[in-house]
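In case you want the letters, here they are:
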Amino acid sequence: MRSTQYVVDDENGAGLGHYSDPPLLVLASLASGPKHGHAMIEDIAGMCGTRLGPGTLYGAIARLEQQGWIEPLEPEERRQPYRITEDGLRVLGAKLATLHQFAKAGLKRLAANQEAL
Amino acid sequence: MNRLLARALTRLYPSAWRERYGAEFEMHLVDGPGGLGAAVDVAWAAMKERMFPTRGGNMERPVYSFGAVMKRPSALVPVAMSVTALLLVIGPIPFYGVPVREPDEGTIAHLWQILMAGQLPVLLFFAITWLRRAPRQALGVLAVQAGAVLAAMAPVFYFNL
Chain A
1 MRSTQYVVDD
11 ENGAGLGHYS
21 DPPLLVLASL
31 ASGPKHGHAM
41 IEDIAGMCGT
51 RLGPGTLYGA
61 IARLEQQGWI
71 EPLEPEERRQ
81 PYRITEDGLR
91 VLGAKLATLH
101 QFAKAGLKRL
111 AANQEAL
Chain B
118 MNRLLARALT
128 RLYPSAWRER
138 YGAEFEMHLV
148 DGPGGLGAAV
158 DVAWAAMKER
168 MFPTRGGNME
178 RPVYSFGAVM
188 KRPSALVPVA
198 MSVTALLLVI
208 GPIPFYGVPV
218 REPDEGTIAH
228 LWQILMAGQL
238 PVLLFFAITW
248 LRRAPRQALG
258 VLAVQAGAVL
268 AAMAPVFYFN
278 L
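Line by line, the protein sequences are chains A and B. Per this note's numbering, the first sequence runs over residues 1 to 117. Per this note's numbering, the second sequence runs over residues 118 to 278.
For the record, the hints were derived by calculation from the structure and aren't laboratory data. As the structure is a prediction and not an experimental result, all values here were calculated from the model. C-beta: ideal position from N, C-alpha, C; glycine also. Among the hints, erroneous ones may be present.
[As the list claims (entries may be wrong)] Facing chain B, according to a computed beta carbon distance under 10 Å, are these residues of chain A, among others:
(1) G55
(2) L57
(3) I61
(4) E65
(5) R78
(6) R79
(7) A103
Use the sequences and the hints to build the structure in full.
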């Protein structure tokens with residue numbers, strides 16, 4: 001079951017919305033180093049324009065942690081940082097490779113379509 | 118976000134989730150901007166967490182045996198009520214013979230009706246509570262409860278009371 005998404009629209013959505021697969025976004029955010037919840041939200045917003053709501057974020061965090069793909073670190077003051085695990089990196093790599101393949105195929109078809117016009 | 122609102126929103130989550138994430142989630146909410154969008158997002162996520170709880174790791178549900186579920190008061194009480202209703206009908210037979218249908222239903226008939234109707238809310242409570250927690254075991258207990266209800270009704274229909 002995918003987590004819910006709370007997506008803030010902006011001008012570049014063009015009616016299609018943002019990419020929003022919260023668990024994947026959290027994994028991608030943690031790939032650049034450990035972060036706590038608010039840092040993840042800002043990082044993800046900067047990465048793809050999707051601003052995860054607190055419920056959505058923690059829904060993803062809970063599922064990722066229970067699957068062993070991220071793990072909590074020692075709390076820093078009031079904040080709880082998380083880091084990605086080896087398994088999480090492997091899963092992220094596999095998912096991004098699939099997305100990359102999909103994007104490549106899609107762009108190739110788009111280019112062929114534009115040439116034909 | 119307001120601390121009271123953060124606490125109230127956190128309480129929307131199931132207790133197992135709160136036990137693990139409640140404290141840090143509440144802090145996350147208090148430190149965040151809040152607003153209606155965030156509150157709606159949390160309420161929606163909490164509702165989904167209740168419907169499809171996070172599994173695996175240290176969030177795995179406790180394993181309930183059939184015996185453990187059967188020992189719950191809401192499982193035992195309906196069975197006890199059905200058995201009592203059954204005994205009310207068949208108990209006097211060895212002493213007074215097979216009962217006959219009378220225009221005035223009498224005390225035993227009223228007691229039987231109270232016992233059979235009174236267990237319905239308990240049965241409902243059991244089904245709502247335990248079908249989510251331990252579906253397989255709860256179905257077994259519901260089968261026992263249904264069997265006890267049928268057993269209590271059987272002599273009434275058999276003797277046409």
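Which numbered hints does this structure break? 7
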